[in-house]
Amino acid sequence: MRKHWKVLVGLVLVLGLVAAACGDDAATTTAAPTTTAAPTTTAAPTTTAAPTTTAAPTTTAAAAPLLVWADETRVPIIEAVAAEFQAATGVPVQVELVGFGDIRANMVQQAPLGEGADVFIGAHDWIGELVVNGVVEPIELGGRAAEFFNVALDAFSYDGKRYGLPYAIEAIGLYRNTDLVPDAPETFEDLLAICDELGDTVDQCLALPAGGDAYHHYPFLASTGGYIFAWDGTSYDPADVGLDTAGAIAGFEFFDGLVKDGYIDPAVDYGVMTNLFYNNQAAFMWTGPWALPDVKAAVAAGTLSGYATSPLPDILDNTATPFVGVQGFMVNAFSEQKALAQTFVLDYIATVDVMTQLYEVGLRAPAHIDAFNAVAADPDVQAFGESASAGNPMPNIPEMSSVWGALGDAVQAIYTQSADAATALATAAAAVREAIG
Amino acid sequence: MAASDPGATTAVELTRVGKTRRHMSPRRYFREIGWRHLVGLVALAFALFPLAWVISSSINTVDTLTTARFIPKSTTFNNYAKLFEGCSWDAGLPPFKCANTTPMPIFLWNSVKIALIAATIQLALSALAAYSFARLRWRGRRIGLIAILLIQMFPQFLAFVALFLLLDTLGQTFGTATQVSLWVVAVPLAAITALVALVASRSDWQRSAKRSAYIAAGVGGAVLAWALIGQFADTVWPFVANYQVTIFPRISLGTHTGLVLVYLGGAIGVNTWLLKGFMDSIPTSLDEAAKVDGASEWDVFSKIIVPLARPILIVVFILTFVGLYNEYILASVLIRDVQQFTYATGLALFVESEYAAKWGQLSAAAVLGTMPILVIYWTLQDRIVGGLSGAVKG
Amino acid sequence: MSFFRRHGPGWWIRFFGLALLDGIVIALIPTLWEQRATVALVCILVGAAGINYIFLSSRTIPIRWLVPGLFFLALMMLWPIVFTVYIALTNWSTGNFITKDQAIDRLTEGGAYLIETEDSPLAAMYLYRDPSIPTTRLDPIADLKLLVVTDLGEFFYGSPRLRTAPAPDEPELECCVSPRVDEEHAARLGAESLAELNAVDEDGDGIPETIGGHAKLRLLDIGTVSGVLDQLVLDVPGRGQARARTFSSAVLAEQRFVYDRARDALIDRLNDDALCPAQGASFVCAERRVDPGWREFQGFDNFTRIVGDERIRTPFLRIFVWNVIFAAAVVLLQLSLGMALALTLDDRRMKGRGLYRSLLLIPWAAPGFIVILVWRGLLNPSFGPVNNQLEARWLADLSRSTWPRWLVAVALVACAAVLIWMASGMLRRRRWFATFFSLVGAAVVAWFVYKILGPGFAVRNVGIPWVQPGDWFWSKVAVIVVTMWQGFPYFFLICTGALQAIPSEMKEAAKVDGASPFQVFWKVTFPLLMVGIAPLLIASFAFNFNAFVNIFLLTAGGPPVAGYAVPFGETDILISFVFNLAVESGRGGQYALAAAATFFIFFIVATISAISFRFTRRLEEIYGSL
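Respectively, the protein sequence lines represent chains F, Z and U. For the first sequence, our numbering assigns the number 463 to the initial residue and increments by one for each residue that follows. For the second sequence, our numbering assigns the number 10 to the initial residue and increments by one for each residue that follows. For the third sequence, our numbering assigns the number 2 to the initial residue and increments by one for each residue that follows.
Incorrect hints may have been included.
[Stated by the list, open to error] Below are the SDA-like pairs computed for lysine to any residue, each with C-alpha atoms no more than 20 Å apart in a straight line: (1) F:Lys758 to Z:Ser190; (2) F:Lys623 to U:Ile116; (3) Z:Lys219 to U:Arg15; (4) F:Lys623 to U:Thr109; (5) Z:Lys367 to F:Asp564; (6) Z:Lys91 to F:Thr535; (7) F:Lys623 to U:Gly111.
[Said to hold, decoys possible] Some chain U residues judged to face chain F by a derived CB distance under 8 Å, without partners named: (8) Gly111; (9) Gly112; (10) Ala187; (11) Ala188; (12) Gly224; (13) Ala245; (14) Thr247; (15) Ala566.
[Claimed, not checked] Some chain F residues well away from chain Z (every beta-carbon gap over 10 Å; in silico): (16) Gly604; (17) Trp693; (18) Thr736; (19) Trp752; (20) Ala753; (21) Thr818.
Because the hints were derived from the structure by calculation, they are not lab data. Don't be surprised by glycine CBs; every beta carbon is placed ideally from N, CA and C.
Chain F on its own, in the form it takes in the complex:
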């Protein structure tokens, strides 16, 4: 200590100097609210940075920007709406591109910290987790609910309250190569007959994304009477698991038969399926409307001769029941500007114009009735729409997270032929019941 006292004195002197210099600028170093970053958007320059509007006097209480999260396909449309909103209200809207798969986790983790978006798009089966974590705010549609399909509104309901403004409905359907199969098969037996006829001329007759994908295989479970959680009209009952009912087993046995007879090849995953179909090597493709842009591109490039869509064929004399997915806009419960967010959603997004534009980029059937009717002439919209009308929405309760893995494993067990239908489903049901506890 004795050696160093001079050092310490010197330190203190210099400290004073430095602290004084920095202290002057305390104003610039104090906490900055995290939302002051200039809004950076990703598209054309017409919709960047907040212009100060000429009419309203801007004050320190002038609106913090409204933050919207959307995925890449929909960002351009929302930015156009944002520009309109900004012009009409003077409030800047910042549209951020976030991957669709990341939005849910980001909202759950970041919204309570104040970092979440005010408005975000998402799928209806996220609602359970979001509501239970208190992250999403109900959207009061009032009379305007009549403008949307009931199935879409119900999909976004939880415990009697509606939590999202739906914009698209999707369900899987059947694509066919019109060169090989000019007419749509009505029943699965018809489809198998066509496959037998085609024989070796085609590499894979029915291309279905194999693997532990419970979503695509749900029709085999539900068409014959199986279900995941019982629906009593307003909510799902997690105690009543219907994976191992007789109906479910019957459907899965049919599916097992398809694998055994070689109609479905376990090696065909989603990528292989699309590759085969786009190169004229498959007669049927079993997936949803999201593939339409690529299918049309393949036709344009000449690798695919021609395509048509139809609802899924009947399974064992029952109308096929696929999963219905609904996408919509939701409002953050931790937002400081909920009223503004709802204004944005209800007054600017819920218009026929925007709904139609959203259809045009995503090619999923609009959930808005008028917009749907406007595009209903399109045969693909009709086919997928018909498929969806026979389908069930995915249960949106948080307990659903236990189901995907278990059901996927049951499907995989059939593909590896390591269990028969009854055992596989029994194991899955037991696993789900035990996981839910």
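Given the coordinates of chain F, work out where chains Z and U should sit on it, guided by the hints.
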């Protein structure tokens, strides 16, 4: 070095690097060098064939990654073109501006910048620590090194939440860049450097240190002069008078500075052990000789150890650079603005969901993205050789 | 001036550096104090004090070199570990994410628990303000007024309150009396109509533009009130409260829950003011949990759950064994291939070494997830090129063709001849191994020729089920091979660098002593390499032990294992298994459980590593450094 045939070579031939081929019989060539090429080619084939498929899918018209045909039915360079769509040159950094939703050139720029800076600083920190472990004697050296390695082994799965919170908090304290006018920096700087020059003139430091001190004083004086001129001639040179110096960059969520700081957490770890091992193999006689001549530890480190350890330093730099360049999890959590994305997070944009992936563009981006790494490695790889053989003779 | 002479430049650098650091810390103290960030403040002070001590004391000179690295290690590595501990001690999971205060706020003020009035809950809403007061000094409560117009034509006009302010027992409005409101409340509705308040309706749409000096806000003015819009509540006697829904509409509703702080319970107004006490991280109403709950400290419950849970214990050993085999196999294979290539390409006389080295780096330099996905396509059992080549259709085609058959056969015979000639040369030199291999090679070639010219190859359906859906054995092989492929350049690079450290004198000395190339490698090069790289192997083992990304992308855990109550796959490793469990149990998202599991896995890996380190110490003692 080469496993050679005893008795079949002459000393003359061994020392003529690169020219010996002309003097070797084909049989000897194959036995000494040819088989190496063979092995190398086989290894290359094994290493590169999946990449060939990536290239194939990047020029395929159909958007797919799982294709059975190596040569696509119809090809197009559209995928590459789309990556650069809407990009134009710009003044400033980065030197281009892109208006499309997935501006790959910007992602590459960001990644290279962040990885270069972070890898350099990491290397410096690691080398300093390695010197301490290798050369300085203190208790608990080995325990310390093992402890550091064990800490780095902790599965960092919830780390991203923790670091998100950390940067969020940091952002509230350092949320804006600390900028001060030139005056505030110039006066203390000039005073301190003048003091240092004064001290240097009256001390018995080495000449190089004194020279550095005088140069520093000169720079301090020049900056002060500039600030003075600016103040008094602010109508003529207003930009000088109003010049703001950023003495502390903005550190918060979504900034590259924040990300670089997070990456520095991994600086001392396995790399330190590697450097330490290499430094251990440098004979201590060199140190002792230097110390007898009056060198300090720092001199030994900077003038002896570092130059001799150059091969391993470059290897560690490359390893770190590649690791940071491809790092995805932390970058995806900490950076949200698409214009600030790195390469790995930019790639993820193409694969939002398995059903809607743009495989063609993804493959093209993957091919382009590997280029910077190859370029950097290519420029540095010949400096990996060298090392000790020359030094030990002395 | 001896003071100046005593201290060298290093001392001065330390002095100014410390001064700067202390200055920054002191400048930060007031800011942190304001924000009440006590933890951060304490950490910063302790850290700064520690750094000062290290640089001033003469006993800690070696540590000074470590300070910068340790600083970042502490901040970016130790802090997440501490955080993981903290999480593991809570009940953080879906439904228990937010803090208790936030949960109470959501329950008492959120839209999820609003009870709407029975008739016409939605109403139009208009805001009015006194235009003489500049917006910068606008007090939302005193200077704003709300007009609510229901579907049934009722007008309610008055001053709003902030929702956080207590609701008045007897709210009053300025206007207007409505026949639908019962008598008890009618008296407090103020004037009969807006006309009495000097309302001026210029455009005749029924909504006045000014009411008694207050002007209606236009849509463009929304920015001036957007910050408070959510907070405004208009108490309407007899009809509940009007809350802003959008800028121009409101909802008439009542809040279902009120929080009773004294009893730490919610009062449920929908069920006759029943009490919903707080039980176990959420409120419980009539035996049913009310969402959202909150996160709270739970002690070591998660740790005991992991140890005690049947579903984790049963497959644990099996998964653990596979995990160890996977990590060890990957590390050994990567090392072997990398080292072999480094030695092979380590000849100065070889041209194009740089090219080889750069290209060989690509498997490791290319972005991981896309190459793994490509591998998944390559390994597809029915459509992937790997199986297609193994099925060797082309070979069958060749053996059935005409002149290509003979051409290939002639070439192969030439190769066989060369091999036999080499074998004879080796034999003369008494190189037994080399002779043996050459002869074997010649035999294989001869067999090929025979098959091509004679019976021919048949098309075999190999169809190895690498992935999709996979097989208990082949999927594991696939995962190991792909991970090995991805990582060998790392060891290649390191061995290339480390080889430079081995002085050629030792190798020359060995050669002079008559050692064969193999002996030179095994007795000189290899041990010295190992001493340097051993810790790297251990670290690599630890890294691969938890590397589930490759497995996930390639097989998603692999074909499911039948017969267990909990779903897991053949190629699942501990961390993916446990994390899946955490994400899929109960209501999902059980991060606290996952955090606790992280500790167990770390413990296992650390134990294995610590044991290995003792072993490397022995190595170091034997071979030492030069």
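Results for each hint:
Taking the CA atoms of lysine 758 of chain F and serine 190 of chain Z, the gap is near 59 Å; set against the 20 Å cutoff, the hint is violated. For a cut-off of 20 Å, the pair hint linking lysine 623 of chain F to isoleucine 116 of chain U stands: about 11 Å separates their Cα positions. The suggested pairing of lysine 219 of chain Z with arginine 15 of chain U holds, with an alpha-carbon distance near 17 Å, which does not exceed 20 Å. Between the alpha carbons of lysine 623 of chain F and threonine 109 of chain U the distance comes to roughly 16 Å, so the proposed pair stays at or under 20 Å and holds.
For the given pair, lysine 367 of chain Z sits about 17 Å from aspartate 564 of chain F by alpha-carbon distance, which is consistent with the 20 Å threshold. The straight-line distance between the Cα atoms of lysine 91 of chain Z and threonine 535 of chain F is roughly 15 Å, inside the 20 Å bound, and the hint therefore holds. Straight-line distance between C-alpha atoms of lysine 623 of chain F and glycine 111 of chain U comes to about 12 Å, which keeps the hinted pair within the 20 Å bound. Because the closest C-beta pair between glycine 111 of chain U and chain F is about 6 Å apart, less than 8 Å, the hint holds.
The criterion of a C-beta within 8 Å of any C-beta in chain F is met by glycine 112 of chain U, whose closest approach is roughly 4 Å, and the hint holds. Contact between alanine 187 of chain U and chain F, as hinted, is not supported at the beta carbon level, the nearest pair being about 26 Å apart and thus beyond 8 Å. Using the Cβ-Cβ criterion of 8 Å, the hint placing alanine 188 of chain U at the interface with chain F is not satisfied: the shortest such distance is roughly 30 Å. Because the smallest distance between the Cβ of glycine 224 of chain U and any Cβ of chain F comes to about 4 Å, under 8 Å, the interface hint for this residue holds.
Restraint check, alanine 245 of chain U versus chain F: the minimum CB separation of about 4 Å is within 8 Å; hint holds. For the restraint placing threonine 247 of chain U at the interface with chain F, the shortest Cβ-Cβ distance is roughly 4 Å, inside the 8 Å limit, so the hint holds. Hint status for alanine 566 of chain U: holds, given a least beta-carbon distance of 6 Å to chain F, under 8 Å. Non-interface status of glycine 604 of chain F relative to chain Z is upheld: no Cβ of that chain comes within 10 Å, the nearest being about 33 Å off.
With 10 Å as the threshold on Cβ separation, the claim that tryptophan 693 of chain F sits away from chain Z holds: the shortest Cβ distance comes to roughly 26 Å. Remark: the non-interface label on threonine 736 of chain F conflicts with the geometry, its nearest Cβ contact in chain Z lying 6 Å away (cut-off 10 Å). At the 10 Å boundary, the C-beta of tryptophan 752 of chain F falls inside the reach of chain Z, the nearest C-beta of that chain being 5 Å off. Interface exclusion of alanine 753 of chain F from chain Z breaks down, the closest Cβ pair being 7 Å apart, not more than 10 Å.
No Cβ of chain Z approaches the Cβ of threonine 818 of chain F within 10 Å, the least distance being about 20 Å, so the stated non-interface status holds.
The structure fails to meet hints 1, 10, 11, 18, 19, 20 from the earlier list, while all remaining hints are met.
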